[in-house]
Structures are given as C-alpha cells and as structure tokens.
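Please work from the sequences and hints to get the whole structure.
Residue numbers (my numbering), protein chains in the order written: chain A, 83 to 593; chain B, 8 to 383; chain C, 923 to 1307.
One should not assume that every hint holds.
Quick list of the computed label-pair ranges, beta carbon to beta carbon [to be verified]:
1) Ile-496(A) / Ser-229(B): 51 to 57 Å
2) Tyr-1257(C) / Phe-83(B): 34 to 40 Å
3) Ile-491(A) / Tyr-1257(C): 27 to 33 Å
4) Thr-1076(C) / Arg-90(B): 36 to 42 Å
5) Lys-10(B) / Leu-468(A): 53 to 59 Å
A short list of chain A residues far from chain C (calculated; beta carbon distances all over 12 Å) [to be verified]:
6) Lys-123
7) Glu-124
8) Ser-164
9) Gln-187
10) Lys-242
11) Ile-256
12) Thr-282
13) Leu-300
14) Glu-455
15) Ala-473
16) Phe-516
17) Leu-524
18) Ile-525
Under 10 Å between C-beta atoms, here's a sample of chain C residues computed to sit facing chain A [unchecked claim]:
19) Val-1040
20) Val-1046
21) Val-1047
22) Tyr-1050
23) Leu-1051
24) Ser-1054
25) Arg-1057
26) Thr-1058
27) Trp-1062
28) Asn-1084
29) Ile-1087
30) Leu-1090
No lab work stands behind these hints: they were computed from the structure. For glycine and all other residues, C-beta sits at the position ideal for the given N, C-alpha and C.
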Amino acid sequence: MFGFNKKKNKVEIDSRISGLNRSLSDYKLSNKIEENIKMMKEIFKDNDNLKIRKVINSSNPKFFCYIAFFNGMVDSKIINDSIIKPFTISNLTDKDNNITKISNQVIYINELKESEDLGKMVEGIASGDTLMFLDNEKKVLILNTKGFEHRAISEPESEKILVGPREGFTESLIVNTVMIQRKIRTNQLKIKYMGIGRTTNTHVAVCYIESVVNRDVLNELLTRLEGIDIDAILDNNYIAELIGGKGYSPFKRMRSTERPDAVVGKLLEGRVAVLIDGSPVVVTVPHLFIENFQSPEDYYVNADYASISRIIRIIGYFITICTPSLYIAIEAFHHEMIPTPLFINIAMERQSAPLPAGLEMFVMLFVFELLKETGIRMPGNIGDALSIVGALVIGQAAVEAELVAASMIIVIGITGIAGLLTPKLDSSVLLYRFLILFFTILIGFLGFIIGLSILVINILNQESFGVLQVERIDSIKPQDIKDKFIRRGWKNMINRPGYLTNNEIRKKENG
Amino acid sequence: MKKKILIILVIISTLFLTGCWNYVGIDEFTIVAGIAIDKKDEENYLLTFEIIDLSNSNKETGVVTKLIQSTGKTIFDAIWDARATASNKLYFGDAMIIIINNEVARNDGISDFMNFFIRDGEIRETTIVLISKEESAAELLKTKGVTQNIISFKIMDIISDSKAINLYIKGIELYNVINILKGQGVELVLPVFKKVISNENEVVRLDGMATFKDDKLDGFLSFEEVKYFLFGIDEIGSGILTFSTEGEDNHNVTIEIKKSNTKIDYVKEDTKIKYTLKIEVEGFLSEFNHQEKLLNSKKIEELEKIAAKNLKSRIEKVISDIQKEGSYDILRLGNLIYRKDPKLWNELKKDWNNNFSTLDIKIDCKVDIKNTAFFR
Amino acid sequence: MNTEIISKKLMIATMTCFVLGSSIVSGGSTVLIQDSWVSVITGALLAIPMVLVYARIVKLYPKKDIYEVFLELFGKIGGRIFIVMFTWYAWHLGALVLRDFSEYIQSTVKQDTPQVIVMLSIIVVAVYLVRSGMRTIGRWSIIVLVVILLVVITTIILGVNNGRIENLYPLFNHKPLEFLSDAFLMFSFPYAETVLFLTVSNSLKKDESPYRVFIYGIAFGATILLFVSLRNIVLLGQEMVRSSLFPSFVAIRIIGLGKFLTKIEGIVMINFILLGIAKITITLLAATKGVASLFNIRNYKDFTIPIAILMVVLGMIVYDNIINLVDFLIIYPIYAIPFQIVIPLVVWIFAEIKFRKTKIKKKGVNAVLIKNSKVYYKVVSDLKI
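Spelled out as structure tokens, the structure:
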C-alpha cells in the first residue's frame, strides 16, 4: 500500500523539479545580451535572491549593461560606487563598447575576470561576485564584490584558554586564510583553493609552508581531496571521514582546531592545514597521537607548568579509561591488592549495596553519560540547575537510600572529571572504557590487562596519512620528547621536530 | 550487520552474568583474620576462626569480630565444615596469624598444617605462626583487645617487625617456617603467647618462645632466656639490657639496644668444631642514676665494659642451658657449616644432634654506648 | 610504510620479551635450587653457538623467512615436510605456553574460571598483534620491556629488606653433571626457542646484522632472568624455591613496603601476562606463516584466527594436570632437539654448500669477462666437475 502511493508521489515530484535537474551544459552563452539575461533568469529560476539590474550610461544611452548579483551576498557599496556609478557617469562612445575598455578604464574593481565558462560564472555569483553582461559580447565579467555577513571574530567556545590570543576562526574562508596569513608573513606560505562537493561546490583551502612541509603527506592529501565525490561538504568532519583513510578508528586521524595560533604552530612543524568555507574548524594533517594532549596554551605559560599540565592530561586519559575497571577488578576479583584496612572499610560500605558491582558500574557510567550529554544540550541557565540537581541531590539521595555505594560515586566522579581533560578523545574513551570494563567483569585483572593491551596496540597501529601516530618508539631522541610530552623552554628547542619534515631543520639560527 | 548485532547482544548479556565464575563481590565472603588450631579429640581437629563481621560493623562501633568454630579430620576438612556455620565462603587472604595449641604441636607436629597452608594459594606466605601456651589456642582469640578490636591484628602488631613496637621477638612468617623445617642444621623456634588478666580484661601477652625438634614442639624458653638466645642467632631487633654496677654506687643501669650484630665463625680442630660468637651491640643509655660526678668518657667506658661482661655471662648461661637440655640446634650452628662447607656438613649430619651438646662455643661481647638521651 | 620491516632494536626487544616469556614466572629452572642462577648464565653460553648458526642462516637468506628457505633448499616436497615439522613445533610450543599460563592464572587467582576462557582471552590479544604485523609487535615489545624493567627493578629494591644473602649458599653444591644437564635444560627452554625467530627473519632490514640481533636478544633476556632468579632465591630460601611452582609469584607476595604496600603481587601479574602474550604471539606468528607457506599463500594474516583457535584446543588437551607439565619439562629438551638443533644445522650446511657453489660460479663467470676465450672454456669445464 505504501509503496504504491510512494511511487505516484515520486512521479509528481519528479516532473515538478525536473527543472532543477537540468545541468549547466544545457545552457550556452550568446552574443545577444537579452538572451543571456533570459538564460540567467532561467538558471536561477525560483531563487528570488537573484537581482538583475540594467545600468545605462548617462552620456550614451545606447550603452548599457546588465549586472546580476545575489542580494545579501554582495557589498552594496562596492556595486554602487565602483560599478554602477562609474558606468553611469563616464563618457563612453560607441567604440568603447568592448569588454577590455570597460574592465580597464570604466569600472573600479580590484579583482575581475573575463569568462565564458558558465560553471565559473555560477560559482562566482554564488560566492558574492557580480556578473556583468555586455551587449554583443559573449564573455562575461566576473567582479569581486563579496560582502556577505559573517560572524565577528570571537573566542572559540570549545578551546578556551586562560592567557593568550583569543581569536577564533569564523565561517568565512577568506577571513580564516587571512588570519593565518597575518601570522606567517612570508612567501613560503602557500594557499591553494579547491571546490569540493557536487552540489555545494564548497571552497576548500589547503595551506602549507613550502620550506618545511612534508611532501609525501601533502601529495597524499591532495590526491585524496581530489578524489572526493560527494554532494555536499558542510563541515570539516565530512572531509575527515572521506579522506581519513580506510577502516574505522576510534582515534581521530586529523586534528581539528578553531584557533589560528594552533594552526600556525602546526604549519611551522611541517603539517598541512585544510580550511573549509562555512566551518570555523580547521583541520591539520598529519595527526600525531600526542597532539591530543597538547594545547596552544602550553606555550603561553611557564614551561615547567606546561610540562606538568601535559603529563597530567596524559595520566588523566588513562585514569578515565582504567578507573572503573580497576575498581571492579579489585572489588570483585582481587581483594588481595588493597591494604587490609582499606579493604575492610570498602567491604563494610558495600554491605549495603544491593546490586553487584559490575552492573552498578555500568548503570552509573550510563547515568553519567546522560548527565554529561544533557549538560551540553541545555541552554545555560537550565544546565547549571540540572547539574546541581543531578549531581548533588540525586547522588546524595542514591547513596543514602543505599541504592549505590558511596565509593562507587567517587570512582565515577574521578572517571568523569578525568575524562573532561581530553575532550577530543571522547570517542575512544567511551569505547575503551566499556571494552576494558567488559573484559574485567569477565575475567578480572587479567581481563583488564588484556583490554589495556588492546588499547595500546590500537594506538600503536594508528596511521594518519602514511605517518604513524605514535612515532619512533625504538629510537627516542631528546629532540622528540622536548616538545611532545613536556615542554622545555624555547632556549632548549633549537631544531624542529625532525619526524615530520625532511627539510629545514633549524628553528632558531643561533644556538 | 546481523553478526555485529549478535556480538553486541552477547556482550550485553554478560552484564547479567555478574555471578560468573570467579566474580565474588566484596560483600559475598567472610574475611578471616586469624586461625587457631586445637584438637577436639583423638581424631578431630578443632579450628577457630576470627572473622570480621561486616554486617554489624559500622562507623560507630568500629569493626566487630566474631568467632566461628568447626571440626574435621584434617585441616581442609575443618575449613569446609565451617561453611555450615558461616553464611559465606571464608576468605583467607587477610589472615594474619595462625595459632597452634602447644599440645598439638608437641604430639602431632606442625608440618602437616604448614604444608597445607603453604600449598593453599589464598593464605599469604607472610602469615605468622604462633604457639599458644594456654589450654587451647582458641582461648587467645577470645580475649579483648585494648586498642584494636581485631585480636588477630592485635597479636600481629605485637609480634610484627615494625619499629613502632619495640619488642625484640620477631614473628616468623610461614615461608620461613617451611624453610627452617626442611633446612639443614636448623631447628625451629616459634613465639609463644598466653593469656593474662589486666584491668579486669583478658588480654594476650607474649611469653617467650618454644623450641622444636623437627616439627614437634620440644620445650620452652622464657622471656629472659629468649632475649639472650636471640643474640646468638643475630635476630634481636631491639631490647634493653639491665644490670647493676658493682661497688659502692650500686645502681641499676639500663641500656636500650639500638643495633646488634652477631658474627659466628667456626674453626675445625681435629675432630672438634669450635665456634666463636662475636657480638657487637650499640645502645643508648636510658637509666643511670649518677652521683655527683656527671658522666664522662671514662665512666662511659667503664659502663660499656661492665655491660659487655654482663651480657657475655648471661648469653653463655643461656647457651649452655640450651646445650644441656635441648640438644637441638636452635642456634643454627649446623646451618653455618652447611652453607660454608657442605662436604663437612655431610659428614657431621648424622650425629649432629647428639654432638650438639658437646660443641665448644665461645662468646665475645662488646657494647658501645652511643647516646645518653637528654641528660648527662 | 611496510608493516613488516622493523629495525634491529625492535627485533631485539621482541626477542628479549620472547626469551623472558614463560621463564620469568619461575626465574629459570629451579632444579639446582640455590644455584639456579648459574643455569641462567650457563644455558645462555651454551646457546650462543647455536644462535650463531641461526643468525648465519638469516644472513645467507636475508629477505626470506625459513619456510621459503626450506622450499628453496629441499624442493617442493622436501621443503614442505620441513615446513610441516617446523609449524608443528611452533604450534605445539604455543599451546604449551598457553596452557602453562592459564594453569598459573588458575592456581593463583582464578580457581573457578574455566581455562578455555583464560586461553581465549590471551589469544585474542595475540591474534590482534599478529594481524597488525611485525612492526606493531616490535613496538609493543619495547613498551612491554620498559614496563618489565620497571617492575623488576622495583621488586628488587623492595625485596632488599626481606632478602637474605645466605640463601644463596652453599655455592655450587652440585655435581658438574647436574650443572650441565640444567644448562642444557635452560638451553632448550627458553634460549634455543629463538629458533622460531627464523620465521620472521624476512622482517629484518637488509643491512642489519642478524648476529647482533640474536646475541643481544639472548643477552638481555639472560640478564633480566638472572636478576629475577637471584631475587627469588634470596627472598624465598631453599625449600620454598624447590617446591614452589611459581617462585617469582611467591617471592613477590613476601615483599612489601611498610604496612601499606604489602600486596603488590597483583601488579606484578601484569609482568607475567604481558610476557606470556609476547611469547604466544611469536609462536602464533610462526605457525600461521608456516601454514600459509604450505599452501603458497603470501598473505598469512587470514590464517591467524583458525590457527589461534586450534592452538587453544591443543592447549586444552595437551596435559591432564600441572604435574604433567612439570614432568614434560624434563623430557622437553630431548623432544626439542630436532627442531632446535638438527633442522637448523641441516639447513645451515645445505645453505653453506649452495652459497659456496654460487660464489664459485660467479667468480668463474667474472673471470670470463676479463680473460680470453681459452680461459673461459677452461674455467667452465672445471666447474662442471
């Protein structure tokens, strides 16, 4: 029954939207301006944002042109002052009616192109350019008048730091690339644009510094980008999934960040950055595992403090994965592992808990995830109240009602807090926490070790664009450690981390 | 896809198998703190366990303990029998002491028990083995602790190696008992406890040590004797030396032993073995009521000499007593020969116990007073 | 980056973990009781000549593993027979170690869990490692080695308090024959088991010296084992060492730090399990590669899971109880002789002969190009003899 109706509807819709499916190759530019305009109207049929205006030269009324642009995407001032005004008031004769004269001497635009390519035209006008049609001219002028509204530069919400620059990327590709270029004022900085996505044709920019970049990675990245065949790219994650590499991995293969200073730092180490129009998140490639624990703030504070912070983050990562399982392992299987007085206290307390510890742990972890998710989605005020209610009141009540043991709450609390240290690794944390917990419940401490081994092996196996995520284990040089696990002062870091780049080695000339 | 769902289902279902195999929640078993071994009659052993009663323990009352008794033909039999009384499985991982009735030790020997305990994986190898001088070993567990509710832990504290408790007798752990029982040229000596009344309460009290021949109890050494005996085997932890000075100022002097070192050496002359024990003691002067003259180096030296002489004579007496009565090598002299010269030991092994009483043992003592506390 | 080629350091680390594999639980052989530590050294010394033979084979055929060498030297049928024998050895050894470990775990902590489960969970990690390739195995081994060293050093430091040096005496109180037989026991188990590394010899980078790899691997393994053995003897005393089935474990139970840190044997369990996994991984790898070369298939990774399950099955049926295991250990050196000594020697001899032949041939051909045609005929006719 449903199938029947569905088919009928499909036919109706098809005929109605058949106009949409006509590709650009059906259209052709002609010499006659009227025909061109008619064609434009038809290409952008049903898009009421398109505005077409006829501009007539005041001294020579036979001289006119049409400009087409999208309302809202253009800077009206530029159109008025630099296109309409000069065209209207300048002294033009008949013989000036050619495109070269117009583009060179009449209108004032910093960036213009002549084109016969409909594809480029559509792309241009959809980005905020203005198209200028002239009579008896097949070529069309594409004028840069981009001026769409975008968010002002503000601090990224997810990567707040205490001290340091507070700029964050916005959704405009131009603005983002500018932010990077401002920090690297050299000709070595390369920015290449690409358009990806069949329908959206999203602008994607690839940035790198020529002298230090890892060429293999760059080539691999470009190859993969060119191979993308999808309808739309809306966000960096689309790209991350498409070019990340084969297989599923709980670990990210590309580092995403909203901070320009972070990106610049990575470019200087030889990485490649991918910026996507419409997303404030910039992706850097390749991604090393240790980057999950690094933050640009490390460079804005004291070196030793930064080192300790990093080490705490790494320990925190393992704490959040291992603590629930360790608790279960000790409590349920290996009572010998804790000193006797502690053991007796925990035993006394668990007398009151009705559920077996394993089940309790699963339930509590699940509840914690619920709370966390709710806290993220709720608007500010409700979120605060909810966390108080959830955490304090319910937790306290649960303990007093003897539904859960107090030590369990503490364990969950530690797990949760440690998990917030490395938000970027959330997916792996969740997966492995439950995986190791499962093994532990099954066979105790042995299971814990097996689960942990699986985690470590998985980390070891991770690759990002041909580069291993966990680098040289067999030959660790001090140079590698100095900026990875800990941060030594700038005076001590003379060379670039040699792992990623084969090119320029020295960071500083002296020393 | 279907396979993945199946796997996930299997994984989730293990959540509910929370009773699977060795999963034993903390609240599902009974913690045993100490074990006492008696004999009920000719055939059966009577075991007493001090268990920690978790259901009655809470923050106000502290930890509460109970006693459980069970009988059986062998030790393991008796442990199984305990399941009838205790609602949960007994957990021995925290058992700190094993008390054996002295009669049982004398008649049956302890090597069966030791073998069982060391074979069992749950009981720790560091459990301390003791002898009870009372009628039954269980008597000791029925006493009340002064500072500690759990009697076994209390006994453990008294006998433990920690510096906080400065008694000089150290408990012997299970694995060492095994080593000594099967060792060459050593005999076992175990600490002995008895019950006394103090403040209308019954409390336990350390009361010297018991000597063994092979695995059977042989005799007792009193508290005082033990002190000097321990000098002989270099196991004195700390302790005090009291003696009185001669002459006009006939005072009691007490020296607190801080460190003691015994070097044993032997010399083989013809068919006789001559042993020399060199004992060096470092101590603090604790009690000395001096006259008008304050202490000076000469006085200290005098005291040291008197102390050494005193010590030497007492040790000599104890050792000669041991040789006469016991005739068993609790001084581990044979072991010394075994370690240094196994061939010689092989020759002497057979008659060692008989010859023990005739061994020539010479003692040299030296006392160093390092400190006189707060006073001159 | 190829997941199979690894550097010398990683290979050495893997070999060290392998050597320590099941021996760390007992600290080597305990037959000689207080002199057990001597066997660690003498066994290693005895193993060195044999190990040099292994290295020589690797040197002669740098890019091939031993299965390919079998096929090349002994032809399709003969080579296959050797492959079967070698694969059987690897498979059997893996099952033995697996069973050994699950017995250990069952005795010490898990009385009720069926051994199948324990074996299966250990094999899961081994399968994951094998499928990840030699490179991951090497890197994992280094991490494991660091952990092992930390734990062993910690236990030794903590054990200083409880240990008695006199437990080592009387020194050398055994007949020379006993020393020799125990050295031979150590030779077969674990040192000469590194013969299995011939199956991964194609993983070594071309210009790395296999001699270094084997010698260092055995040396590091022996050193750590020596410390473990000494620690056990010093802590446990004679009778305990003699009759304990798992001396290292018992030794750890005894040591502690103050009143608080008295029960650290759980942490030390990590040591044993990780090393057990390392050893089983290599045996699994060897067996899988063997089966794959039997059917001339390059990609051995697909065989991993079936072989792993078969290993578990074999592990279940191979003994009745743990005393069987201990008894088998006595005849194991004899049983292993064909695999550890005979086959490698045979391969070596054949390989050397072949190598010499090709060298002479090459020399002869080179001479041709320089000298005139008369000499060419002479040299060639010499070769034909």
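Okay, the hints, checked on the actual structure:
no., hint, in the structure
1, Ile-496(A) / Ser-229(B): 51 to 57 Å, "holds (54 Å)"
2, Tyr-1257(C) / Phe-83(B): 34 to 40 Å, "holds (37 Å)"
3, Ile-491(A) / Tyr-1257(C): 27 to 33 Å, "violated (56 Å)"
4, Thr-1076(C) / Arg-90(B): 36 to 42 Å, "holds (39 Å)"
5, Lys-10(B) / Leu-468(A): 53 to 59 Å, "violated (39 Å)"
6, Lys-123, "holds (56 Å)"
7, Glu-124, "holds (54 Å)"
8, Ser-164, "holds (54 Å)"
9, Gln-187, "holds (59 Å)"
10, Lys-242, "holds (34 Å)"
11, Ile-256, "holds (37 Å)"
12, Thr-282, "holds (35 Å)"
13, Leu-300, "holds (17 Å)"
14, Glu-455, "holds (31 Å)"
15, Ala-473, "holds (32 Å)"
16, Phe-516, "holds (16 Å)"
17, Leu-524, "violated (7 Å)"
18, Ile-525, "violated (6 Å)"
19, Val-1040, "holds (6 Å)"
20, Val-1046, "holds (7 Å)"
21, Val-1047, "holds (5 Å)"
22, Tyr-1050, "holds (6 Å)"
23, Leu-1051, "holds (6 Å)"
24, Ser-1054, "holds (5 Å)"
25, Arg-1057, "holds (9 Å)"
26, Thr-1058, "holds (5 Å)"
27, Trp-1062, "holds (6 Å)"
28, Asn-1084, "violated (17 Å)"
29, Ile-1087, "violated (28 Å)"
30, Leu-1090, "violated (29 Å)"
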